[in-house]
Every structure is written in structure tokens, then in C-alpha cells.
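Using the sequences provided together with the hints, build the complete structure.
Residue numbers (our numbering), protein chains in the order written: chain A, 1 to 431; chain B, 1 to 431.
No lab work stands behind these hints: they were computed from the structure. Nothing here was measured: the structure is a model prediction, and the numbers come from that model. Among the hints, erroneous ones may be present.
Same chains, same names: a pair is fine if it fits in one copy or spans any two.
Computed list of lysine-lysine pairs in DSSO-like fashion (alpha-carbon distance at most 27 Å, straight line) [claimed, not checked]:
1) K38 x K425
2) K345 x K400
3) K97 x K265
Protein chains: 2
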Amino acid sequence: MSKLLIRGMVLPMTGEEDFFPEGEVAIENDKIIHVGSKGSTSQDFVPDRVLEYNDDVIMPGFVNTHTHAAMTLLRSYADDLPLMTWLQTKIWPFEAKLTDEDIYWGTMLALGEMIRSGTTTMLDMYSFMDKVADAVLEAGTRGVLARGLIGNAPNGEEALAEGIELVNNYDGAGNGRIKVMLGPHAPYTCNGEYLQKVKKEADRLGVGIHIHLSETEDEINTIRKETGKTPVQWLEELGVFGGHVVAAHCVHLTEEDRKILAKNKVAVAHNPESNMKLSSGTAPIMELLEEGVLVGLGTDGVSSNNNLDMFGEMRSAAFLQKLHKGAAALPAYEILEMATINGAKALGLENVGMLAPGYKADIITIDFDQPHFYPRFSVPSHLVYVAHPGDVRTVVVDGKILMEEKELKTMDIMKVCDEVEKRAKKVAESF
Amino acid sequence: MSKLLIRGMVLPMTGEEDFFPEGEVAIENDKIIHVGSKGSTSQDFVPDRVLEYNDDVIMPGFVNTHTHAAMTLLRSYADDLPLMTWLQTKIWPFEAKLTDEDIYWGTMLALGEMIRSGTTTMLDMYSFMDKVADAVLEAGTRGVLARGLIGNAPNGEEALAEGIELVNNYDGAGNGRIKVMLGPHAPYTCNGEYLQKVKKEADRLGVGIHIHLSETEDEINTIRKETGKTPVQWLEELGVFGGHVVAAHCVHLTEEDRKILAKNKVAVAHNPESNMKLSSGTAPIMELLEEGVLVGLGTDGVSSNNNLDMFGEMRSAAFLQKLHKGAAALPAYEILEMATINGAKALGLENVGMLAPGYKADIITIDFDQPHFYPRFSVPSHLVYVAHPGDVRTVVVDGKILMEEKELKTMDIMKVCDEVEKRAKKVAESF
Chain A
1 MSKLLIRGMV LPMTGEEDFF PEGEVAIEND KIIHVGSKGS TSQDFVPDRV
51 LEYNDDVIMP GFVNTHTHAA MTLLRSYADD LPLMTWLQTK IWPFEAKLTD
101 EDIYWGTMLA LGEMIRSGTT TMLDMYSFMD KVADAVLEAG TRGVLARGLI
151 GNAPNGEEAL AEGIELVNNY DGAGNGRIKV MLGPHAPYTC NGEYLQKVKK
201 EADRLGVGIH IHLSETEDEI NTIRKETGKT PVQWLEELGV FGGHVVAAHC
251 VHLTEEDRKI LAKNKVAVAH NPESNMKLSS GTAPIMELLE EGVLVGLGTD
301 GVSSNNNLDM FGEMRSAAFL QKLHKGAAAL PAYEILEMAT INGAKALGLE
351 NVGMLAPGYK ADIITIDFDQ PHFYPRFSVP SHLVYVAHPG DVRTVVVDGK
401 ILMEEKELKT MDIMKVCDEV EKRAKKVAES F
Chain B
1 MSKLLIRGMV LPMTGEEDFF PEGEVAIEND KIIHVGSKGS TSQDFVPDRV
51 LEYNDDVIMP GFVNTHTHAA MTLLRSYADD LPLMTWLQTK IWPFEAKLTD
101 EDIYWGTMLA LGEMIRSGTT TMLDMYSFMD KVADAVLEAG TRGVLARGLI
151 GNAPNGEEAL AEGIELVNNY DGAGNGRIKV MLGPHAPYTC NGEYLQKVKK
201 EADRLGVGIH IHLSETEDEI NTIRKETGKT PVQWLEELGV FGGHVVAAHC
251 VHLTEEDRKI LAKNKVAVAH NPESNMKLSS GTAPIMELLE EGVLVGLGTD
301 GVSSNNNLDM FGEMRSAAFL QKLHKGAAAL PAYEILEMAT INGAKALGLE
351 NVGMLAPGYK ADIITIDFDQ PHFYPRFSVP SHLVYVAHPG DVRTVVVDGK
401 ILMEEKELKT MDIMKVCDEV EKRAKKVAES F
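Structure follows, in C-alpha cells:
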């Protein structure tokens, strides 16, 4: 049994008023057993280690609700191009060349970057997901994994079989650190029959569905032309909703679409930086929240971001809504909830995303003893509007220390960087 | 005479094709005397010191073209409020309490944060500017300083006298590190007669003018009601343009406004994060560039940002234009030009903003040997879309090392943080 005590300024994300300027979090094995003021943990708790970070903010790790982790391989490979040129001449040809080993190394790099920037859980959709699962198990993070399924592609059936195999082989692995979903890519890449088949399999396996939805105007026009409906209406009619569904983007929604998402308890993964960089548009986050839709934050893949930094994503989410809805829109604490507890709820992780007894010990510490965190008027404002990845000191997932004093403990990160450099350049030079 | 040689991946910002993967910059006293491949500096140059940063990008320091540095005192003091509530109940009452010593310490904190995040020059508009000048001289950075002038306030004339005194006492100080402008706050806080008086004084003194312009719709409506014109038309009619003018924001412009700015060679300080956070709107940067207007980037004050991070500002500038104008808008290299050479030109600094012989040695190095900078497909994309303040290693201004291996050399930064914490909290508790 391992017992860890972390002391500092504790922001448990259990409610806006909850903050311990001199606090502590007690951890036994993979779980938090106590959160409170310094010295409030039971005398019976004798920690193996105490991390004394008086000037750090101690908070739940970030939950990145939408990414394609292995796309680190394509970081800054192609930018500033029109969308279709970018996809057709750069991204797709590159991706077509990737091997399972490439995916493993690209995912390891992503996980290293995520840990360094305070992200402890990701929802990942890509291919060769068994390699992604292996990387998550090795790196020690939490991962909700979905094999991306292009139903209209020649390998649509094969991909679904792989998605099902992923459920069978990995769901619940690593002390529950891995959870598996099915990942039909989007309404415009999967026909209705295929989507219904995926939904049936998801129900049979008892897993959720992750899908891109209403990301661009092109998608809206395509689906309307094919079906006479919006993508959201179309998925509802097909019966895809009802179970656990995480829909990425949801930029272009009608009022009826928003009500459909709310009624069906579809969770939304909001990716503001990707939506801006690819010129997709501004998702109606304020309106979705008014309807009661659960919204988490995601970075999307590195080729459209170009990092996995949830601090930047929080800031961009706030800025984008404020730009359109006024300076009072989406206050800092609400943004923090989206990046932690609400993201975890969106992924169906019941005991992740806040610091409270019984919750998983997924914890990050942020070094506040730096010039940009003075004066200390508001911890939430500092976290959302000021902090950056370089401020993360120590990261714990499932009770284990994955990074301590900025040093990664579960991977040889420079070897990972070298492998990715070599592999990515080789792919780029191959066509 | 001091001689310094810096080796690494040199991005001189002299043109998009110019890059030395293994390069070096030779510095004699305050100036760059050579930029080229490793070993290309004349054998006669015997450096006192060599900084070998093979995995760092060596580039010009950032030029922050609009800020109110001492507002670090108000960092995260008040956020997420409607604009007028924020100004009237929080910002203005707080600012009214600030003493000259507060301004000194607040500015020192800002300069510490700027150096740490790679900014070597700022255009600052505030009060007690002699204290700001002292801080700039002490910290070692470059500063273009303007006493903010609220012409319609009771102390309008007194402020102008202070502004003129600042020119007389500080213009050219610190081996030219300080340059002074006059700073009429905005068309809606300075009446026409006052603006003309300021312009006359600027011409007499041979200095430029820094002004907030067309920032919000409210401003447009106010000026149109008072004068029947847009703020830009109004300033042109008053004769404020013609000399060196840096206009901050320029969010709400008509086509005619843009042509007026171009014709009069008014430089624009674009502050995308402030414009988003305060819901001011999206400045028409693409259109301004098409008209040939010189555009630099600024963070604005910390109370509307809430940091002085030019990396974030570059990213937001790119994202905001792409959101509205398509994914190909404002490529990374153009953004870097805005943040360096074009910002310097906007401030009228003739030999600042690029690495070339004869230019001032204002140089930053960025540690690229980190996971988020792999693979290394594009240095400009990495700098704009990936980098953050924690990546800056070493900073040189006017040939002097202000930060080395992340350690500030010209100030006791923890003392500065403590002073600001104490002073800011005291002000906040006083009303």
C-alpha cells in the first residue's frame, strides 16, 4: 500500500467557494482519501512520502476530451493552408504512411507533452489503437480510447472489427485507467447503415460513442443535401443518441440541434483553438450550457493546434465566448470546470476530475512562486488567463507520480523525441 | 569593449528564407556585427564569451507595441465583469490609489515577466512615467514611453506638462534605450483642442504620438454623436496624423478609415487578446495589411490579458484572423514579423527588430530541445503555434545579458514579487 501526502494551495474543483490556501491532499494507492487544511488528515495516516509545495496550486489534472494523440508526428508539418488543400495534399497522404510503431512513438510523445502540461486524461480517436493503449499503460496516464472508423472507406468493416477488439482487449485495463469507446469518425464519413451498426455494437458491448459532429459548414451542407436534415437531426433519427455519446466540435448548431443534444445527454468536446485555426467557426458554448449540455475542452490533434496545452485551450475558450457574448461570458471558474470535472463527466468517468475522498488521485501541482502569478488576487483567473505549461511542477495519476519537479518518471523523453523526429521526417520524405 | 558570440539555430527575421540551422551571431558592445553560419565570423573577432545553444532558436526579442506595464498590480484583481462595471467599480478606483512607488514596482514586475517571456522592447502608456523610465533603465530593456494624457480630466494640462518633462529628461537615455512619445489617451477622453495642443507640442519636441483609437463600438458612437465623424476621420481633420503616430486597437474601422490610416502612415498596435477578453471585437488586420498599414502586436495591460506573453498574443492574432478570414490567413512568418521587426518599425526604432549587422543586439534564445518542439518541421510554426514563455532561455538587450539560463540578472525578482504583492493587496483593501 502506498501513501502520499501533497501540501500546498488546494483548489479541489468541488465548488467555487472551496479553496484551502494552506491545504493538503492525502492519497492511498490510487485514491484520494482526504482533502482539507494543513494538518487535518487523520493522525492514523502515515505517508510514505510528503510533497511540500507551499507555493503551488494543487488541483485535479486536466481532461482533454478530444485529441488524435499520435498526430504529434505531423506537428508544424503543414500550416496556414486552405482546409481542403491541407487535408488532401498534406495530412491524409502523411497519415496513410504511418505504421503501428509510428503511432506508438507519436502517442508517447503526446503523453509526455500532456503530462508536462498537466493533462492526466485524454479521449483519443485514431488508428492502431492497441499501440495507443500500450503507450497509455506505459506512460501511466488515463485514456479513453476509440478506434476511428471511416465507415465509407474500403476498410470500414475491418476498422469496426478492430474497434470491437480494442474493447475486448483493453477496456478497464491498467486498474481501470483505460476505457474504450467506439469512434465513428463523422456523419459525412459514415453512412446511416454503418452508424446504426456501430451503435448496435456499442450497446451490445456496453460502451459509448465518440464522433466528430457539425464541425464545418461544408459538413452541414453535405448532410443536408444527402438527408434533408442537420447532422444532429440525422444522428437522432438513426438512433445513434441515447447512450453515452461524446460529440467533438458542434460548431454549427440550430436551436433545435442544441435541444436534441440536451435531451439526449450528448456531451460536447469543445475545441476552440482548432475551430479558430481551421476557420471552422465559433461553437455556441453559452447556448449549449444554457440548455444544460455538458461541455468539456479538447485540443484536437496537434496538426490543428499545434500543441496539447490545455492552459491555452482554456484561455482561448474564454476569449472566444467573450468576443461574441460580452466580457462577462464564461468566467474563469466555469472554464476550469470544463477542463477538469465536467470533462471527466463528459467521458463518463465517475470518480475523476475533482479532489475529493473516493476520487482517483489524478493531481497536478502548479508553481505559483513566479513573477507572472503576482499579485495573487485570484487563483482561478491566474490559472485560466496567465498560466502556461512550463508552470506545471508535479503530476500524479492513479496515485503514481508521473512527473516530479518537471522530470518525467515513466519514459525516456529524449529517446521518444529522437524516435519521433526520425520517423516523422522519414514519412515526410517518402512522398 | 564587450564581445559576445551566440551560437544556435539563427532565425534573423530578415526574410522568410533566411535561417541558419547551425548559425551564430557576433555582438560588439550594443550592436550586432555579424550573422551567419557557424564559424563564419571573422577570425579577428575574439569573443569575451561564447553562448553555445545548439538546440535553441536565436531570434530578435519581441516588441510589445502597446501596454500599461504597471497594471501588473491589478493582475486578476477583477475579471469576467461587464466592461463599464469593471472600469468604474474596479479598475479606475484601484488606479486612483496608486503612488509613484507602486508604479515603479509594478513596472519592475512587468519587465521581469517580459524578459522571462522574450520581450525586449515595450511601448508603455501610463502615469508616473519617470518611475517607469527608471525601471526600464534599471532592468536593462528598451522602452518607448508615453505619459497617458486624459485631456478632459482636471489634471489634463498638468499631465501634458509631465509628458513634455518626460521627453526633456529621458528621451534617448540609457544609450538610446529609452524613447519618449506623447500619449493622448483617446479621442473620447481628449477634446479636439487638447489633441491639437498635444500634436503641436509633439511636433515642437520632435516626438511621436501614441493613442488608443477606435477600440469599441461605444467609442465610435460617442465620437460620431459629438463630431459626425469616425474617430479616425476626426483625428485626421484635427491634424493629429502626419507625424509618427502609433494607434492602439483600431478594431472598428470603415474602409475610408483604413485608407486614412494608410495614407498618413499611422502604425497600428494590434491587441487580439485584450480585444477578445473585453469583447471589443475583431480588428480588420488582413484589410489593414492589404492597405499597406504597418501592424505590430501588443498585450495591452495585464488587467485585460492577464499576462505579458507575446507568444500567446502571436497565437491569438493568427487564430482570430483565421477564424474570420480562412485557415490560410496570416501565416506564421508574417505573425513573427509583426511581433519583431514590424513592431520595431511601428515604434520608429530604425535599428531594432532583426538580427543583422548594425542592428541593436536585442536577442532571445528559445530552448527547442523539448517534447513540444518535436518533430522540427517548421521553426516559424513552432514559435507561433507551440511555444510558451517557459521556453525562453537567455535574453540580451543592447548587448547586455538580462537573463541567462532563465535567471534574471538585473533585478532581485522575488523581492519585486513581494513588493507588488504587498502594495497591490494594500490598495485593494483601501476602498
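Structure-based check of all given hints:
no.: 1; hint: K38 x K425; result: between (50 Å within a copy, 24 Å between copies)
no.: 2; hint: K345 x K400; result: within (22 Å within a copy, 52 Å between copies)
no.: 3; hint: K97 x K265; result: neither (37 Å within a copy, 50 Å between copies)
When each numbered hint is compared with the structure, a violation occurs for hint 3 only.
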